[in-house]
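Novice: Starting from the structure of chain A, add chain B where the hints point.
Number of protein chains: 2
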Amino acid sequence: MEVSAARRAGLVLIVFACSGLLHGSRGENSPQPTGGVTLLPPVVADDGPQAFPDAEKANMPVFTMDYPRIQIPFEITMWVLLASFAKIGFHVYNKITVWVPESCLLITIGLMVGAIMHSVHEEPPAVLSSNVFFLYMLPPIVLDSGYFMPTRPFFENIGTVLWFAVVGTLWNSIGIGMSLFAICQIEAFGVQDINLQENLLFATIISAVDPVAVLSVFEDVSVNEQLYIVVFGECLFNDAVTVVLYNMFNFVAEMPVVEPVDVFLGVARFFVVGLGGMGFGVLFGFTAAFTTRFTSRVREIEPLFIFMYSYLAYLVAELFAISSIMAIVTCALTMKYYVEENVSQRSCTTIRHVVKMLGSISETLIFFFLGVVTITTEHEWNWGYIVFTLLFALVWRGLGVLVLTQIINPFRTIPFNMKDQFGLAYGGLRGAISFALVFTLPDTIVRKQLFVTATICVILFTVFIQVRGGDSTRDVLRCSFIFSTKAGLDVCFVCFVCFVCFVCVS
Amino acid sequence: MEVSAARRAGLVLIVFACSGLLHGSRGENSPQPTGGVTLLPPVVADDGPQAFPDAEKANMPVFTMDYPRIQIPFEITMWVLLASFAKIGFHVYNKITVWVPESCLLITIGLMVGAIMHSVHEEPPAVLSSNVFFLYMLPPIVLDSGYFMPTRPFFENIGTVLWFAVVGTLWNSIGIGMSLFAICQIEAFGVQDINLQENLLFATIISAVDPVAVLSVFEDVSVNEQLYIVVFGECLFNDAVTVVLYNMFNFVAEMPVVEPVDVFLGVARFFVVGLGGMGFGVLFGFTAAFTTRFTSRVREIEPLFIFMYSYLAYLVAELFAISSIMAIVTCALTMKYYVEENVSQRSCTTIRHVVKMLGSISETLIFFFLGVVTITTEHEWNWGYIVFTLLFALVWRGLGVLVLTQIINPFRTIPFNMKDQFGLAYGGLRGAISFALVFTLPDTIVRKQLFVTATICVILFTVFIQVRGGDSTRDVLRCSFIFSTKAGLDVCFVCFVCFVCFVCVS
Chain A
1 MEVSAARRAG
11 LVLIVFACSG
21 LLHGSRGENS
31 PQPTGGVTLL
41 PPVVADDGPQ
51 AFPDAEKANM
61 PVFTMDYPRI
71 QIPFEITMWV
81 LLASFAKIGF
91 HVYNKITVWV
101 PESCLLITIG
111 LMVGAIMHSV
121 HEEPPAVLSS
131 NVFFLYMLPP
141 IVLDSGYFMP
151 TRPFFENIGT
161 VLWFAVVGTL
171 WNSIGIGMSL
181 FAICQIEAFG
191 VQDINLQENL
201 LFATIISAVD
211 PVAVLSVFED
221 VSVNEQLYIV
231 VFGECLFNDA
241 VTVVLYNMFN
251 FVAEMPVVEP
261 VDVFLGVARF
271 FVVGLGGMGF
281 GVLFGFTAAF
291 TTRFTSRVRE
301 IEPLFIFMYS
311 YLAYLVAELF
321 AISSIMAIVT
331 CALTMKYYVE
341 ENVSQRSCTT
351 IRHVVKMLGS
361 ISETLIFFFL
371 GVVTITTEHE
381 WNWGYIVFTL
391 LFALVWRGLG
401 VLVLTQIINP
411 FRTIPFNMKD
421 QFGLAYGGLR
431 GAISFALVFT
441 LPDTIVRKQL
451 FVTATICVIL
461 FTVFIQVRGG
471 DSTRDVLRCS
481 FIFSTKAGLD
491 VCFVCFVCFV
501 CFVCVS
Chain B
1 MEVSAARRAG
11 LVLIVFACSG
21 LLHGSRGENS
31 PQPTGGVTLL
41 PPVVADDGPQ
51 AFPDAEKANM
61 PVFTMDYPRI
71 QIPFEITMWV
81 LLASFAKIGF
91 HVYNKITVWV
101 PESCLLITIG
111 LMVGAIMHSV
121 HEEPPAVLSS
131 NVFFLYMLPP
141 IVLDSGYFMP
151 TRPFFENIGT
161 VLWFAVVGTL
171 WNSIGIGMSL
181 FAICQIEAFG
191 VQDINLQENL
201 LFATIISAVD
211 PVAVLSVFED
221 VSVNEQLYIV
231 VFGECLFNDA
241 VTVVLYNMFN
251 FVAEMPVVEP
261 VDVFLGVARF
271 FVVGLGGMGF
281 GVLFGFTAAF
291 TTRFTSRVRE
301 IEPLFIFMYS
311 YLAYLVAELF
321 AISSIMAIVT
331 CALTMKYYVE
341 ENVSQRSCTT
351 IRHVVKMLGS
361 ISETLIFFFL
371 GVVTITTEHE
381 WNWGYIVFTL
391 LFALVWRGLG
401 VLVLTQIINP
411 FRTIPFNMKD
421 QFGLAYGGLR
431 GAISFALVFT
441 LPDTIVRKQL
451 FVTATICVIL
461 FTVFIQVRGG
471 DSTRDVLRCS
481 FIFSTKAGLD
491 VCFVCFVCFV
501 CFVCVS
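In the order they appear, the protein sequences are chains A and B. Here the first sequence stands for residues 1 to 506, numbered as in full-length UniProt numbering. Here the second sequence stands for residues 1 to 506, numbered as in full-length UniProt numbering.
In isolation and in its complexed conformation, chain A is listed as follows:
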């Protein structure tokens, strides 16, 4: 018995719209719940809602309602549940996901819900533009990738991974930044007020290949394990470079003079961030492994240690502003084999399943909210800047892969051929991390809205075109010819998205 995906999608939309209407405006953070009771005192405050107020106020009420008390957990539960429905909906009607990847569908549904919320002047929950993303939504995804990373192939390719992660990200950031600065000098585009440092800062944000987006393309390791390892490893380990470059350019943007010692400190900071992240990861990984030696009598809480230690590694790295992604990935890589030997079979199954579950639902929510906030955010459009951003993002990625592969291939046992390089270049997707980072730019940057719009365009472009292209990559790797027909569908999607953005801007 199949429920048509269209009907289900419609149901999801209606529920979203209703929830959007019902739950009122939510700004950055909802008001703190005060100490309350399980049981509503019958004498309710005058502003408390009552579903069926009694005729005489003095009598004991039989029906009462108290929404603010449960607002936060209720809304979180509703969003998670509705994201899960969306996933079911996509898969119930199987052919949809053959033509259009899940990430694109999610963004599209997000765009529609965002449009509905925007039209009724509702604020979406501040998920991607605040700590919620970095502290609660990103860790499960990164843990998922780290925990299921095949360890041996990973360490066999560690040199290549670090090469692309460090040098590749530097290449992209500086290349894109300089090119955009050159574009800014052209008066016709009207962006002369963006200086070099701001361009470099923006370039850093959009250079980082994103694990969330890459997961959509390289879901299946068996496509090409070498490729998967390198792209995935790159997107996890370039966080260290992104952190340092972001800090450096942010700092430099506010300082009139850049001294040589600052460059040296930047390099020093890179080692602190990278090695510090890995150090904490290894520390917590071994601690988790050690702890599971003593859990033979408390089997029911064994999985908890894995989650707590990984999360702690992430948080401690955040505390010291070092690479939290590297910390949690290294922690997962370190502890995995020891833990799976120590814990019971049921705990092992539970850990794997829960890690996958949390990663999956986080990814779904992120793509969905990407769509929602695309509509509800204020945009600033500039054809020249945005088109060239897209162009340079592609060109520098492609060039970078080409050049770097030429240099690294002699050192590899299995050199990358042209197909692999195509896959590497195409697999460089940008996603929610760039989006969240651009929101955290200081408000002193005048053209912040333009950067936000440009980042969204890059993300949507890579997810809609390149993800389909990623499927094409898989097809190319498998020598199939579906590329041309699917590209047609993609063009339609991109046009639709551009149209929507343009409408919002106007």
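Keep in mind the hints are simulated off the structure, nothing from the lab. It is possible that part of the hints are untrue.
Pairs count within a copy or across copies, as identical chains cannot be separated in the list.
[Unchecked claim] Quick list of in silico lysine to any residue cross-link-like pairs, SDA-like style, CA-CA up to 20 angstroms:
1) Lys419 <-> Arg299
2) Lys448 <-> Pro150
3) Lys356 <-> Ser296
4) Lys356 <-> Arg297
5) Lys356 <-> Phe294
Specialist: Relative to the frame of chain A, chain B by itself:
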């Protein structure tokens, strides 16, 4: 290789003390985190902590620290992790848990940590005295009990369960309330300002048999399945009565005149609360069962539906101020068999394990925080009132079980014998729900602190004496003779606890 429990306990204490000292005072809720960055902007605000500030402020910092941003998830993770360590510690040195149940150990450790925090003037996190308890800590435990309740025996005993839950709780509340009011008339005790309504309100709070505490005694269904079902069912289903009585006496305490229509409305409310709770539970249970028919392609998120629907049932019941415990238990009972047929084997294992895990860690945290806030709360001691509260709680429970059993036995296939009745009476433990409820009493009640102290005493008494007595119950049921030696140990514990309370009060 065994690490002595004493050393581990010492380590736990030191870690707790350090975390208590390090993390500063935490009031009701910590300040909201503002939108932040993964990457700390190098130019930190003057009030931002920096671990190793550079000599010249103008240079890029290499080490930075930003604690407020991660404070909430970090502290939650630390408390959960340390509670887990405590559980490991108890079980590593096996003999401890033979003599002293885990709940007592946890409360004791909580008392010690509370003493340390009190001495350095630290506020413990407001876990038991706010929404956190009812919205986040109680649902996992109740879900655990509901999910693993043996369904057939439960429905075979449903009449007895409801009989004890409804009539038994009414009997206890009114009996204890009236008796305490009689005590209040005696001038010597100095509690004449507590009127009848306040006494009844307090009696309602301490009458409710608590699922958290009962879990400690009746961990093992095989001890006596009938007994387990009845006590457990009672403690889950008396929530409806508690909700209504609490509301009613709260309402009445503020109204000078009680009209007959209010009594009628109270009865009506009971049916709304009870049947409404069950209704929502059944609704969400069937919705969950139906949803899992379509999850064959999204196996990784199957467990999520179970958790989300159960939690939603709880929250919606809370929204309408009806019995949320009944809602979530009914939901779990309804959906369990359908869901376990529909989902994959791995999802099934994961669901069971995660439910047990969350219930276990919630229970651990609750007992622990019971100990902590026992010390850090302000108390008001009154020998007369408190001793008589303890006495009446025991006497009315015993009498109630006796009388109610005599009435219900003719209707039972397997009547309760004297041992069973002893077990039923002894199994009536009070726990954290009473504690959380007493905190939510309105501040207009003058002797609120006395009620808090009295509730704590009842809880500690039942947990320390009766839990051991519960083990004795098991032993009595198995005809063993360990009772006398263990009772001696219990007396020591109670003396210790009383001494600690007295010190705090003075």
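Novice: If a hint holds in the structure, say so; if it does not, say that too.
Specialist: Against the structure, the hints:
1. Neither within a single protomer nor between protomers do Lys419 and Arg299 lie at most 20 angstroms apart by alpha-carbon distance, with minima of 47 angstroms and 33 angstroms respectively.
2. Proximity of Lys448 to Pro150 under the C-alpha cut-off of 20 angstroms is found in neither arrangement, the shortest distances being 40 angstroms within a copy and 59 angstroms between copies.
3. Taking identical chains as interchangeable, the C-alpha atoms of Lys356 and Ser296 lie at most 20 angstroms apart only when they sit on different chains, with a minimum of 16 angstroms there against 24 angstroms within one chain.
4. In this assembly of identical chains, Lys356 and Arg297 lie within 20 angstroms of each other by CA distance solely across copies; the values are 14 angstroms between and 26 angstroms within a copy.
5. Within a single copy, Lys356 and Phe294 get their C-alpha atoms only as close as 25 angstroms, which misses the 20 angstroms cut-off; across copies the closest is 19 angstroms, which meets it.
Checked against the numbered hints listed earlier, the structure breaks hints 1, 2; every other hint is satisfied.
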